[in-house]
Amino acid sequence: MTREEMIALFMENAGKVAAEPIRVRDYDEFGKVLNEALAETDSVFCPGLTEKENAVHIPPEKRTKEYVSASACIEEASAAIAETGSLVFSSEKGKPVQAGLLPGHHLAIVSSENIYETLDDYFSAIGSSPPTNITLETGPSRTADIELTLTIGVHGPGRLTVIVF
Amino acid sequence: MSTSTSGIPFRENTVPALRDKILRAAMSNATETFAVKRTDAMAGLPVEEWREQASALRMHVLDNLSDYVDRFAENAARAGANVHRAKDSEAAREIVASVLKDHRIGRVVKSKSMVSEEIHLNGHLEKEGITVVETDLGEYIIQIAGEGPSHIIVPAIHKDRRQVGKLFAEKLGCDYSDDPAVLTKVAQKVLRREFLSAKAGISGANFAVADSGSIVLFTNEGNGRMCTTLPPLHIAVLSIEKIIPSLADLPKFIRLLPRSATGQMITSYLSVITGSRKPGESTGAQEMHIVLLDNGRSELVRGEYREMFKCVRCGACLNACPVYRMVGGHAYGSTYPGPMGIVLTALLEGMERAGSLLDATTLCGACGDVCPVKVPLPKLLRKLRESRVEQGLTPKLEQSAMAGFGKIVKSPMLFHLGQMAGHLFWPIATKLGHSAGLGRMPRPVAKTFRERVS
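Here the protein sequences line up with chains F and E, keeping their order.
Positions in the first sequence are counted from 1; adding 2 to them yields the working numbering.
Positions in the second sequence are counted from 1; adding 1 to them yields the working numbering.
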């Protein structure tokens, strides 16, 4: 599978589980997409630990250091898996994995070179000393506990935007 | 293992269950939906190959279970977890209670775990003065209703939206609504406060990884992630047979478990948690405890029912079972219902208690067909039935009837007499049978087979 095919498959599968995948090709597009996505958000948390996270422009009055009370979290995923449309967040390099769980809107940046084709490709690469927390996130939080009626956004985010860059 | 000797009154339990129209409708809707979703999710995929591989891998672990348990315990400890081994339910409950009491914790958040139901953890903690808040929506519903789970994946499957609406209005003081989205928001708001103030979280585990000492959790709502990352203390309770060799084996089970359980390709969240928070990290409980429950398993995996312990608790056999579909989970009166539940309960709690559950099967084989790890449930159920007869635990009337029938068929003369008597007494027998609730009996044929061929 070529890189482009992997990106396409990842975006297709993420879309199937109610995530909103968007492809951007340069920092201009990236900025525009983020501006639109954040227009209606009042407080945004961004860990600022990667180059792309640092390129996120958030107006100072909207930026918060508290992910617990933020209405959106923007962060870069460690990896992504095309087979399932999953994002991978891990606690390596001091990343707060739980930050993307509390705000109602989760915006995930995926570097296209970090997409794995299959679950096997990803899990075989981890080895036997993983960081404390690795979480695969596939679509927004959901439940069907009442009469099997699908409800999006239970304890975790109700909206998941995925920006493939 | 429990030593309780009072048998589960399964037949008696089915009477109110079958008369409960809401339950019947909810069960038929849910099991049907799940069965269809499962079939759709498997379509066009090499599922047989996956099942074979997953089954072989589970069997390999069971064949070497004590080595794998040691390896898991060692690696989990190296990653910073405090690993406790619990011989039985009582020991497991005690360990959890003492860890919490050592930290003076009086309130914990908990994500869904069938093992915690098996050891009756919540009741024990409540007795010790510790409040347990269930955070999975389904578990939360049944907790405030004061009930137990009726399905291993969707615990409140037996309730309809109006019942949940009334329950929330009564217990939480909110306005009545029968909209699942509104009810979900109500629970979310209440539980968010619990998550943010909790000093400890309790979880189960879907798998444990020997090579890395990790536990793996599949969840959809996000409550499992909150329980394991927000409080400073995390206690995971799991049974020893949940182990898989390495993380590289995990994809085999990711492909099968959610598809078999809910028809999803993968759950919304899948967490691999390895020990406690390390220096330089911002995620993970500062203190992590793992309670490894044996409860008879290390003996049972060496016995003739060992294949039962391949089970990954997906619930597919419940949804496929014609008996479960009719009566729901509560009628079983056991922690685990449905076909897998009958076998596990008989093994964990003994035949005297669980023998009656062996009537809750038609031996149609549907459970075996849907099992993602090829647990031969029909074979195990048949074996247990044989063992129930050998132990003399079938109803006395049935025993004497079968003994009498055995004598009659052994003697051609008695058999012939029996056939004649059948003709003679049929009008009376069918009347008596009907009034005893046995339904209609077929009229004996005018000429028997032997009369026709001789």
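What the hints contain is simulated information worked out from the structure, not anything from laboratory work.
Predicted, not measured: the structure shown is a model, and the values here were computed from it.
Treat the hints with caution; some may be incorrect.
Stated by the list, open to error - In silico EDC-like links for lysine to aspartate or glutamate, alpha-carbon gap of 20 Å or less:
hint, chain 1, residue 1, chain 2, residue 2
1, E, 384, E, 399
2, F, 18, E, 41
3, F, 95, F, 115
4, E, 279, E, 75
5, E, 200, E, 127
6, E, 38, E, 49
7, F, 18, F, 28
8, E, 38, E, 370
9, F, 95, E, 370
10, F, 54, F, 38
11, F, 67, E, 282
12, F, 95, F, 53
13, E, 279, F, 38
14, E, 375, E, 282
15, E, 190, F, 68
Evaluation of the provided hints:
1. E:384 / E:399: holds, 18 Å
2. F:18 / E:41: holds, 14 Å
3. F:95 / F:115: Holds - the C-alpha atoms of residue 115 of chain F and residue 95 of chain F are around 19 Å apart, at most 20 Å.
4. E:279 / E:75: Holds, because 17 Å separates the two Cα atoms, which is no more than 20 Å.
5. E:200 / E:127: Since the Cα atoms of residue 200 of chain E and residue 127 of chain E sit roughly 16 Å apart, the hinted pair holds (cutoff 20 Å).
6. E:38 / E:49: This hinted pair holds, its Cα atoms lying about 18 Å apart.
7. F:18 / F:28: Roughly 25 Å separates the two Cα atoms, so the pair is violated.
8. E:38 / E:370: holds, 16 Å
9. F:95 / E:370: violated, 45 Å
10. F:54 / F:38: holds, 17 Å
11. F:67 / E:282: holds, 17 Å
12. F:95 / F:53: It holds: about 13 Å lies between the C-alpha atoms, which stays within 20 Å.
13. E:279 / F:38: violated, 37 Å
14. E:375 / E:282: This hinted pair is violated, its Cα atoms lying about 40 Å apart.
15. E:190 / F:68: Satisfied, since the Cα-Cα distance of roughly 18 Å is no more than 20 Å.
When the structure is compared with the earlier hints, violations turn up for hints 7, 9, 13 and 14 and for no others.
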